[in-house]
Amino acid sequence: MKGKRKELNEDQRKIEELEIICRHLENDLFLTRTENRENALKYLELLTELNMKNAELEFLRQVLSNKVSAEKQENAGGTEC
Amino acid sequence: MKKTKHHASLSLESLISKAALSPLSSIGPVVHKVMAILRNPASSATELKEMIEVDPPLCSQVLRRANSAYYGIRRDISSIQEAIVFIGFNAVTELALSLKVGKIFEQEHKVGGYSRKALWKHSLAVALCCKYIYRREFRERGDDIYSTALLHDLGIIAEEQFMPNAFADLIERCVSENASLPKIEEELFGYTHAGVGQRLASHWRLPAEMTAAIMHHEKPPSILPPGAKQSRPALTVCIANYACIRAGFSCCEPPLPPVIEEGKYEEALAQLQIPKRALELIITEVQGELKQLQENGELYL
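Protein chains in written order, with this note's numbering: chain A, 1 to 81; chain B, 1001 to 1301.
Chain A extracted, bound-state conformation (with noise of 0.2 Å):
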């Protein structure tokens, strides 16, 4: 009678340490997911500065190369000349 008593007490204190286990994991897994939403948001923040940066740099690049076209372009009519 004493050792089932025992065991069922074991039991018992194994039960809510699960208990407390099961919760914690819950409470911990809510605030995970929403910080991945923000994450994500984040990311997506980033994304949009990383595409503006590339847009400028490609802007950038396109006006050099106008004006190395222009210049050869007017180097060679000197030769020409």
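Which bits of chain A does chain B cover? Going by a derived footprint, with three or more residues having C-beta under 8 Å, they are:
no.: 1; segment: 10 to 24
no.: 2; segment: 28 to 35
no.: 3; segment: 40 to 46
With a straight-line cut-off of 30 Å between C-alpha atoms, the simulated DSSO-like cross-links for lysine-lysine are:
no.: 4; chain 1: A; residue 1: Lys14; chain 2: B; residue 2: Lys1276
no.: 5; chain 1: A; residue 1: Lys14; chain 2: B; residue 2: Lys1264
no.: 6; chain 1: A; residue 1: Lys53; chain 2: B; residue 2: Lys1049
no.: 7; chain 1: A; residue 1: Lys67; chain 2: A; residue 2: Lys53
no.: 8; chain 1: B; residue 1: Lys1276; chain 2: A; residue 2: Lys2
no.: 9; chain 1: B; residue 1: Lys1219; chain 2: B; residue 2: Lys1018
no.: 10; chain 1: B; residue 1: Lys1264; chain 2: B; residue 2: Lys1219
no.: 11; chain 1: B; residue 1: Lys1276; chain 2: A; residue 2: Lys4
no.: 12; chain 1: A; residue 1: Lys53; chain 2: B; residue 2: Lys1033
no.: 13; chain 1: B; residue 1: Lys1291; chain 2: A; residue 2: Lys14
no.: 14; chain 1: B; residue 1: Lys1033; chain 2: B; residue 2: Lys1049
no.: 15; chain 1: B; residue 1: Lys1219; chain 2: B; residue 2: Lys1103
no.: 16; chain 1: B; residue 1: Lys1276; chain 2: A; residue 2: Lys6
no.: 17; chain 1: A; residue 1: Lys2; chain 2: A; residue 2: Lys14
Label pairs and their in silico Cβ distance ranges:
no.: 18; chain 1: B; residue 1: Ala1069; chain 2: A; residue 2: Leu25; range: 19 to 27 Å
no.: 19; chain 1: B; residue 1: Gly1297; chain 2: A; residue 2: Ser65; range: 45 to 53 Å
no.: 20; chain 1: B; residue 1: Ala1020; chain 2: A; residue 2: Ser65; range: 52 to 60 Å
No lab work stands behind these hints: they were computed from the structure.
The beta-carbon is built from N, C-alpha and C at its ideal position, and this holds for glycine as well.
With the hints as your guide, set chain B onto chain A.
Okay, now just chain B, sitting in the frame of chain A:
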């Protein structure tokens, strides 16, 4: 009773002025910025990136940590932007804060049984413990609580750096009398490290709950109404501090006794509605995490 001659200590005002003019004060603006970013739900990843990038040593440390085995990312992280994407906004913020605060513990300093590195380990253990209590018990992110707990023993660093001889006397007496740090501090200096920490935090204009939690980390704040929301950070830091010392995370060897007794600790736990076993499980997890950091060589800078 045997009378021992003690080295003169600084007044609280002089200690705060000295600390405010030292490299110790450089963490103030960083903590302030990190808190502003964390407290504002609309804060952007760009703000965080810019804050880290203006500090090149911090930037390289964050990248080194982000690439470490601890986070287990399979690709190379070469920019703060990538770190934010791969390890998360909050993790990068926490990392930046830990690295900046950890800088003041970088040089080992041992006196009596006290060790500066052991104090860093204790601060980190309390910070992790508080974070888990907030996340797992209160279902709250607890962004502020991590910073608060990391800085809760700032007063000890100030005492140890700016009045080393008086601090050596303090440790010697605490160890020989097996007395708590605040008890002997009151006798020798007329103030405690909690008070010094609070004054420094106020000087940096950190939020009021944060300074209150630093002030009350050794003793539960009885002046606050029980269960009041504003007493939660202070109570959390207090029980985490107690539990971590009991688990062996102390700045002294042998560990100095905590200020509160077991009964008061249980009362504080009941006030926060945290089962004792839940905190024991959290402490086990903190022990595991610190062990992993130590094994990876990432516990100390």
